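A.B. asks: Starting from the structure of chain D, add chain V where the hints point.
Number of protein chains: 2
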Amino acid sequence: MAKNAQWIYARKPEGAVTAAHFEPAERDIPEPRDGEVLVRTTLLSLDPASRAWMAARTYRSMLEPGEVMAGWGLGEVVKSNDAKFAPGDLVSGEYGWQRYAVLPARALTKHDKRIKPEHILGVLGITGLTAYFGLLDVGRPRPGETVLVSAAAGAVGSIAGQIAKIAGCRVVGSTSSDEKCRWIVDELGFDAAVNYNSGHLLQDVRAACPNGVDVYFDNTGGEMLTVALSRMNMWGRVSCCGVVSQYNATAPAAGPAGVPGFLVTKRIRMEGFVVMDFYQRRQEAETALARWVEQGKLKAPVEIVEGFENMPKALEGLFAGKNKGKLMVRV
Amino acid sequence: MAKNAQWIYARKPEGAVTAAHFEPAERDIPEPRDGEVLVRTTLLSLDPASRAWMAARTYRSMLEPGEVMAGWGLGEVVKSNDAKFAPGDLVSGEYGWQRYAVLPARALTKHDKRIKPEHILGVLGITGLTAYFGLLDVGRPRPGETVLVSAAAGAVGSIAGQIAKIAGCRVVGSTSSDEKCRWIVDELGFDAAVNYNSGHLLQDVRAACPNGVDVYFDNTGGEMLTVALSRMNMWGRVSCCGVVSQYNATAPAAGPAGVPGFLVTKRIRMEGFVVMDFYQRRQEAETALARWVEQGKLKAPVEIVEGFENMPKALEGLFAGKNKGKLMVRV
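Line by line, the protein sequences give chains D and V. Using our numbering, the final residue of the first sequence is 332, and nothing's skipped along the way. Using our numbering, the final residue of the second sequence is 332, and nothing's skipped along the way.
Chain D with its partners taken away, still in its complex shape (with noise of 0.2 Å):
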């Protein structure tokens, strides 16, 4: 029988992580015992958050260097042992990195197989989630309002800010390169993009936004944070969604100038959030997402990098910030 391909998490970073903190492995295929199931990985997502397992206990447990790196994937199920899931069966859950995994029944989401592989695993998935309700619940944005976005053509941003302009506001994206700032206007819709390296970013996203920003999206934290608490708006709200710029870094950083002083003259809330706290009502928001893309509504961008060997690469460029839109990796 085909053995089963690994990628060991198998050193911690200090800085940035690359493909040399990981390892391949071979090991035999697990059997599932009674109520598990055992899947094939199809297509496995790579996120951003994955670097801040590996620093701390997030909202999961810290990664520990000898595991199987983490992470979601979707998949085909080999053989199951519950009654809720048959061989054949498109499922997604937290595979890891491996071409094979045995979990059981409850951690496993079936998915209707009419619907696109990359969709499930992005618009549709948790990268779909974490938008909708990071704007909509948290930042709670009302019509003619202006909404900032960072990191605005990654998965995340890319879909907060197209749902931004579908709730009716005025949508300034944040990114790192003039490239993905005409992409995310061109093609996203955007109605102005700044780019956070150009050396006066205070001054180009008070060009930008000229009347101010009322809820501003954020997935970096750092001086895109800084700048974006300057310009906030009386009652301004902050969707506190991911730290990107932190990442990597060795120590922790100073938290944002004008924290607490700006909350507290202009009233401002800021608030973290995690998506697996709105769990429960994944069906609205999968809906809503389904049908705003059906309608040609919100694009879902995603970059496919072929080859299950190419996981570490591509979480390397994933901090490099070579993509646009969601990444995944076909395995």
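Derived from the structure by calculation, the hints contain no laboratory data. All figures in this text were calculated on a predicted structure; none of them were measured in a lab. Please note that the accuracy of each hint is not assured.
No distinction is drawn between identical chains; accordingly, a pair holds when it is met within one copy or between any pair of copies.
[What the hints assert, rightly or not] For lysine-lysine, the following BS3-like pairs were computed, each having C-alpha atoms within a straight-line distance of at most 30 Å:
1) K323 <-> K117
2) K13 <-> K267
3) K166 <-> K267
4) K111 <-> K85
5) K85 <-> K323
6) K323 <-> K13
7) K4 <-> K80
8) K4 <-> K166
9) K114 <-> K80
10) K4 <-> K323
11) K85 <-> K300
C.D. replies: Coordinates of chain V only, in the frame set by chain D:
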């Protein structure tokens, strides 16, 4: 006729505000026009926020050197050109640091003379309302939760902590001396206290809050906020009331480490507020606060400095953390 003694905000402080930033003046007592009222000041409130008014535009326009120093006061109507007020009425408003003030009738509030004057400016005034709405509406404590209050021996903090006790919480206060620590525990009924000059603040907060912190009522910002954030429980709330540790700073400080990382991981809501936003609900708060005072559940400690000539010195003392409870000057 008597002249109007005033204290002029004469020079913008670079760092700490001291008596040297004020100058006395004597002017004619102004005549009220139609719809205006002349009041004689009897009691003036001293508030940490006054330092913020000097530094920048906050929820009010920035104070400019040459203006009469701003501040809330209580007084007696001398002459009224408005039907709602008559000579002898007890009224409060933003009088500024002067013995006589003319204000539009709509900027004055009439009070029952049976209420203690120091309560009108203190526990039943802006101080008490700030504590009431900031704790209950922004912090939203639930019975059994742990509430941490900074500047807990100060005017707002001492009230906020006692309201948290009334709400059934375990309440921990932080303050700047061992003596004030003892006072908030022995006199005000806090469950525990930490001295933030101890040199081991993090350990002290950890020991005083063995179950973590659910609500942090922040009057200080600075290191205290960083430490509090690190001890927050999941879905914790930070009610941002003031930034007294920063008001005298010459440059904007870096924000608290852990923002926004902790906010995401722990789903924390951090929210600033200004008491004026709750003005329409002041009756609710005044009724509750008055009842608690009457029932002996809420102590309203006050320190009264005698003499209008001591206003600048009293403000200097406020920033040196000398007072316990609400500081006022009897004019």
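A.B. asks: Please flag the earlier hints that this structure goes against, numbers listed from lowest up.
C.D. replies: 5, 8, 10, 11
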